[in-house]
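Student: Chains A and B supply the protein sequences, listed in that same order. Start counting the first sequence at 1; every next residue gets the next number (UniProt numbering). Start counting the second sequence at 1; every next residue gets the next number (UniProt numbering).
Worth flagging that the hints you see were computed from the coordinates, not collected in a lab. One or more of the hints may lead you astray.
Stated by the list, open to error - In silico SDA-like cross-links for lysine to any residue, where the CA-CA straight-line distance does not exceed 20 Å:
(1) A:LYS421 to B:VAL17
(2) A:LYS19 to B:VAL419
(3) A:LYS63 to B:GLN310
(4) B:LYS28 to A:THR321
(5) B:LYS31 to A:THR325
(6) B:LYS418 to A:GLU12
(7) B:LYS7 to A:ASP268
(8) B:LYS339 to A:GLN82
(9) A:LYS260 to B:GLU14
(10) B:LYS285 to B:THR71
(11) B:LYS272 to A:ARG158
(12) B:LYS28 to A:ILE422
(13) B:LYS264 to A:GLU14
(14) A:LYS272 to B:PHE205
(15) A:LYS272 to B:MET167
(16) B:LYS4 to A:ASP265
(17) A:LYS11 to B:LYS260
(18) A:LYS418 to B:LEU55
(19) B:LYS63 to A:ARG352
(20) A:LYS7 to B:GLU261
(21) A:LYS63 to B:GLY301
(22) A:LYS28 to A:GLU231
(23) A:LYS343 to B:GLN82
(24) A:LYS11 to A:LEU55
(25) A:LYS260 to B:GLU3
(26) B:LYS285 to A:ALA170
(27) B:LYS11 to A:GLN309
(28) B:LYS28 to A:PRO324
Protein chains: 2
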Amino acid sequence: MEEKEQKKYLKEKEKLVTKVGYLQRVLKEYKVPVMIVFEGVHASGKGRLSNELLLALDSRYTKFYATHAPTETERRKPFLWQYFVNSPSHQEIYIYYRSWYSLYIAMKNNIIKDSLYDGSKLLLQEIRNFEKTLRNDGTELIKFYVDIEEDKQKEHIRRMYDNPRTMWKAQEYDRDNDEDYKREMEKIVLEDQNSWHRIKYETSFVSVNEVLETIVNRLEKRLKKEKKRAEEEPEKRDGFFNGKYPDILKKYEGNHDLSKEDYKDRLDRLQKEMRDIQYTLYERKIPLILVFEGWDAAGKGGNIKRIIQQLDPTGYEISTTAAPTDIELRHHYLWRFWKQVPKTGHISIYDRSWYGRVMVERVEGFASNKDVERAYEEINDFETSLTNFGAIVLKFFIHISKEEQLKRFEARQADENKVWKITDEDWRNREKWDLYEEAINDMLDKTNIKKAPWLVINGNNKRYARITVLETVITACTERFLDK
Amino acid sequence: MEEKEQKKYLKEKEKLVTKVGYLQRVLKEYKVPVMIVFEGVHASGKGRLSNELLLALDSRYTKFYATHAPTETERRKPFLWQYFVNSPSHQEIYIYYRSWYSLYIAMKNNIIKDSLYDGSKLLLQEIRNFEKTLRNDGTELIKFYVDIEEDKQKEHIRRMYDNPRTMWKAQEYDRDNDEDYKREMEKIVLEDQNSWHRIKYETSFVSVNEVLETIVNRLEKRLKKEKKRAEEEPEKRDGFFNGKYPDILKKYEGNHDLSKEDYKDRLDRLQKEMRDIQYTLYERKIPLILVFEGWDAAGKGGNIKRIIQQLDPTGYEISTTAAPTDIELRHHYLWRFWKQVPKTGHISIYDRSWYGRVMVERVEGFASNKDVERAYEEINDFETSLTNFGAIVLKFFIHISKEEQLKRFEARQADENKVWKITDEDWRNREKWDLYEEAINDMLDKTNIKKAPWLVINGNNKRYARITVLETVITACTERFLDK
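Isolated chain A (complex conformation):
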């Protein structure tokens, strides 16, 4: 290219860089997370292109994520774990150098061994869910597929061979033939053409500008949408949907009894059995996820204690769910739960969980009605990712009557060692019992998927509840052990 033409391109680039910078600053105000994906064959110039983009952005709000062969840790987590965890907050742009598509192809072609996934049929579905979940949450997702003519590619690689410092990298390219990658990517791009921008790499002058221009167009379009939306009425957040829901809780009322001696004997036996189960889970690399939800003072904590009492502490974690931190509030609400997903062979126990979205956040109006309605499907997708990964997922709702709750509140208030457990918030929540009842029944109805069932436990009698929970966990695990 002549110097004169080069200068023309550089001048154009300068303008584009200014525009991209401007758009990044404005969209940050609108809290738009942006994900930009670069897929492409070896030596196609995607490193150059993504680096130029990185230079054009404000490094305080931009991250570059290079996809790598999964580490030990990542291989012990569900398929898309690394990408969910490494996704932008509401003020950031993330650039992905190779992405979940590369990971998918590598897993499909069995380059990545030791995976819990048999076959790849579910993985594309998980990718679709992942992108949908983030898009629905407001993420702008821009995907580039960079291609290059074969002789240009060869020339790039030859130049790397000629430099003694980069020779090792060129050799890596030779070893790691990417014909498979190219064939798969072409198929993916072809089947979903509208969501991909195809770049045929020319020179850095031409192609950098093409990338920048595409991004400017996409972000300008998005900005227009955001401005329009800002003028619309805010979404309702009163927690009321159609007012119809099946009364599931009702089926689990009444009283059970269990004598103290009977309880003690059974508890000890079940706890020892639970410890043995832990070792088998560990040996067979099966993750066990136990979710505990329930009314205040229903006895979630007491149930959890009985489960872990004889366990090996190096193999379980308890996750408690408090109010989200500032960073967590700037992400999809499932982000913090993705971060805590257990690794293979471990037991993860949740004392409250992601279901806060459809309970307290619904009742208190922290989330809009639309967000809540969307959450049921997202939660089902999330849990399906966990069961696809091989996890046993059991969700307990500990149900007590309104009278029983009052009795327990008053008992706590009277005991100097327990009075700290009861707060004004508990009393306020109690006043909203009916609203919670509605939300809970909706939740039990809409998120009771076969592989991750809800188990409502009558908790009016603590001893009965503890024994029942332990028995349920043990039975589910034992069935799985027989399964495969």
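Starting from the known structure of chain A, fit chain B onto it as the hints suggest.
Tutor: Frame of chain A; chain B shown alone:
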């Protein structure tokens, strides 16, 4: 043990559990982080003891950290990285099942290969610095060494052999002889007796209570101290020390010139050289850490851009340092920088850094004078950990004159594409020029360690500064490449 005696122990335990729970709640209000370490030989009962402790604590504010053979990721980070990153916030208790001592012994005995550390002589020093840094920051560190009589240990292991579900674990114990571990730990405990609590494991009844009682005593003592401290006058935070400091900045004043053509030629050559250096760093697994500090508008960002312009984006990261998040504020101020420490072979560039502690936090009184004075040593220790790990650490301070800053502020304000870069805060900082000058000179004086030197660059001429920084980086890397 007779049943009657067992009951006595259980009753005593209940009281201790109540006390521990109370102390945890109160010390949380005083913002005391607590670390509890369990070291001990195989089958000594430390799992049982630490699990009982875990059950006694409030799971919302307690974490259990099990030391494991370092993962790939951990092996590419400095020695104590995993423990610094996994340390409690000001409201948490962390229990360590095996700890940095186990890791040290494993590295010393060369069980852990692939390490960048030659020899172990520096590692004990790093442990001392680590504990000192956290203790000075208010951490209560309680260390248990659990021992057991040989025949009791054998009995424990035999029982594991007899259970088909735990047999594999007993076999692991047999394979992994821990004679070395025991010898080393005995030495460590003997040399520092005051800081260790030795538990001779009897039965779970006796030993659990012994552990709980020790913790109650330690925490009660600490609580007393905290109550006393609360009555004392708050620490000064005016940023004034003795008012004497060497005027280091003065040596780097004046003007340099560099013609545009000369600049362009040299820049292009140096950037290509920098790219080659990146490949060599990667191949030789050497981390490169570049810290950029300087006056507002000194040109830190422009300097950084010139360094990365031709680099491979998969091998460098830019860390910008904004105001800390709520979680970061609840940890030692170095915590967030430990989290970002680069892995082997990568380049990490800091646009502002941990030096904020001794600049803005000193000048604005966000940290007390005592905290700031302590910070110099802590920073030196931190950077020494990085250089021990094999990192090249270079710290640039870009110095411009007060007049030059004014010119740049005004130019930014006049340019519609740059006006966003200048904020009221910049003008406020400018008014405190003299205070900053004092803080900067102190910093340059007290943290200029040989392996991680300060390089003051005159930035009045941007072109000169950029070329000088690039040349400095290239020279330092080239020297290292010749070194070994």
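Student: For B:LYS264 and A:GLU14, compute the direct alpha-carbon distance and say whether it is at most 20 Å.
Tutor: Measuring from Cα to Cα gives roughly 17 Å; hence the hint holds.
Student: Taking only the CA atoms, is the gap from B:LYS272 to A:ARG158 under or equal to 20 Å?
Tutor: holds, 17 Å
Student: Check whether the Cα positions of B:LYS285 and B:THR71 lie no farther apart than 20 Å.
Tutor: Within the cut-off at roughly 17 Å; holds.
Student: Given the proposed pairing of A:LYS7 with B:GLU261, does the C-alpha separation stay at or below 20 Å?
Tutor: Distance ~16 Å between A:LYS7 and B:GLU261 Cα, so the pair holds.
Student: Quickly compare the C-alpha distance for B:LYS339 and A:GLN82 to 20 Å and report which way the hint goes.
Tutor: holds, 17 Å
Student: For the pair supplied as a hint, A:LYS272 and B:MET167, is the alpha-carbon distance within the 20 Å limit?
Tutor: holds, 15 Å
Student: Do the alpha carbons of A:LYS63 and B:GLN310 lie within 20 Å of each other, as the hint requires?
Tutor: holds, 18 Å
Student: Measure nothing beyond the straight line between the CA atoms of A:LYS63 and B:GLY301; if it is 20 Å or shorter, mark the hint as holding.
Tutor: Given that 20 Å is the threshold and the Cα spacing comes to 16 Å, the pair holds.
Student: Please verify whether A:LYS19 and B:VAL419 have alpha carbons no more than 20 Å apart.
Tutor: holds, 14 Å
Student: Would the pair A:LYS343 and B:GLN82 pass a check requiring their Cα atoms to be no farther apart than 20 Å?
Tutor: holds, 17 Å
Student: Would you check the hint for B:LYS28 and A:THR321, treating anything up to 20 Å between C-alpha atoms as holding?
Tutor: holds, 18 Å
Student: For the pair supplied as a hint, A:LYS28 and A:GLU231, is the alpha-carbon distance within the 20 Å limit?
Tutor: holds, 18 Å
In summary, this structure violates none of the numbered hints.
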